[in-house]
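S.K.: Using the sequences and the accompanying hints, generate a full structural model.
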Amino acid sequence: MTSINRRVNKLYIGFKLAEDRDVDVSVDGTGTKMGNGSEHIERKKKNKRKKYIKVTISADPRKRKLLDCDVSIEGEGDSEPESALKHLEKLKKNGKKVRKFWGDPALDERNLINHLSENGADIAIKPRRLDTSDAEESLERKKLVEHYKKKGYKKWAREKEYGLRWVGTEGVFSAVKRKFGECVKSKKLINKLKEVKRKFWAYDLIQEYGIIHRLWIK
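Take the sequence shown: its letters are residues 1 to 218, numbered as in the numbering used here.
Incorrect hints may have been included.
Claimed, not checked - Here are the computed lysine-lysine pairs in the DSSO-like style, where the Cα-Cα straight-line distance is at most 27 Å:
#: 1; residue 1: Lys-100; residue 2: Lys-187
#: 2; residue 1: Lys-90; residue 2: Lys-197
#: 3; residue 1: Lys-143; residue 2: Lys-92
#: 4; residue 1: Lys-194; residue 2: Lys-50
#: 5; residue 1: Lys-100; residue 2: Lys-143
#: 6; residue 1: Lys-92; residue 2: Lys-142
#: 7; residue 1: Lys-96; residue 2: Lys-199
#: 8; residue 1: Lys-126; residue 2: Lys-90
#: 9; residue 1: Lys-16; residue 2: Lys-63
#: 10; residue 1: Lys-187; residue 2: Lys-177
#: 11; residue 1: Lys-86; residue 2: Lys-155
Quick caveat, the hints were computed from the structure, so don't treat them as lab data.
M.R.: This is how it looks when you write it as structure tokens:
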């Protein structure tokens, strides 16, 4: 059992990219439990809430394909915008061009918006705040906020197909938690993080196999 455990933890976890040059990208984050214990009991014992494992994924919502995944302890590691930038840079190095990018208000960050604008992506990030005092650092963000205010949320959401964001990220989070559970079994912290990432990797492989199998049957 120890030998199997070592081999599993040494598995290379990489997400296979589609052959198409253009990709659509949706980024979001969620949390997964460290263990299976009751939060109420944990709080009574230690007088504080147990930390979660934070997961940030990038996915193509049109193809329902995972592109990348970051895991870290809650309060540590990269923020969602920082993870998004890392994923975008990796896509660029692999010869991919981001056609459209979706994100919730947590991704309303000027460095990310500037990067997307410089690389010609259509940006569908809901503003966290409607203040544009940082216009000097990001004229693009100012344009996006002004466009959002002019349209109003409903018209803006229809125009930007904002609902697709849920397909690419929330749908994946829900499916992974249903298939593999929300808790981790590993004891060591480093293995807990690997276990969570493996769940998303395995889900993506299953999805890819299902698509290939359906095409083969046809």
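S.K.: Now, for every hint given, state plainly whether the structure supports it.
M.R.: Checked hints:
1. Distance restraint check for Lys-100 and Lys-187: the Cα-Cα separation of roughly 39 Å exceeds the 27 Å cut-off, and the hinted pair is therefore not satisfied.
2. Restraint check for Lys-90 and Lys-197: satisfied, since their Cα atoms lie roughly 17 Å apart, inside the 27 Å limit.
3. With a CA separation close to 25 Å, the supplied pair Lys-143 and Lys-92 stays within the 27 Å bound.
4. With a C-alpha separation of about 19 Å, the suggested pairing of Lys-194 with Lys-50 holds against the 27 Å cut-off.
5. Of the pairs offered as hints, the one joining Lys-100 and Lys-143 holds, with about 17 Å between alpha carbons and a cut-off of 27 Å not exceeded.
6. The hinted pair formed by Lys-92 and Lys-142 meets the criterion: a straight-line CA distance of about 25 Å does not exceed 27 Å.
7. This hinted pair checks out: Lys-96 and Lys-199 have alpha carbons roughly 25 Å apart, not beyond 27 Å.
8. Simply put, Lys-126 and Lys-90 have alpha-carbon atoms about 24 Å apart, close enough for the 27 Å limit, and the pair holds.
9. For the hint linking Lys-16 to Lys-63, the alpha-carbon distance of about 13 Å falls within 27 Å, and the restraint holds.
10. For the hint pairing Lys-187 with Lys-177, the CA-to-CA distance comes to about 19 Å; that is within 27 Å, so the pair holds.
11. Between the alpha carbons of Lys-86 and Lys-155 the distance comes to roughly 31 Å, so the proposed pair goes past 27 Å and is violated.
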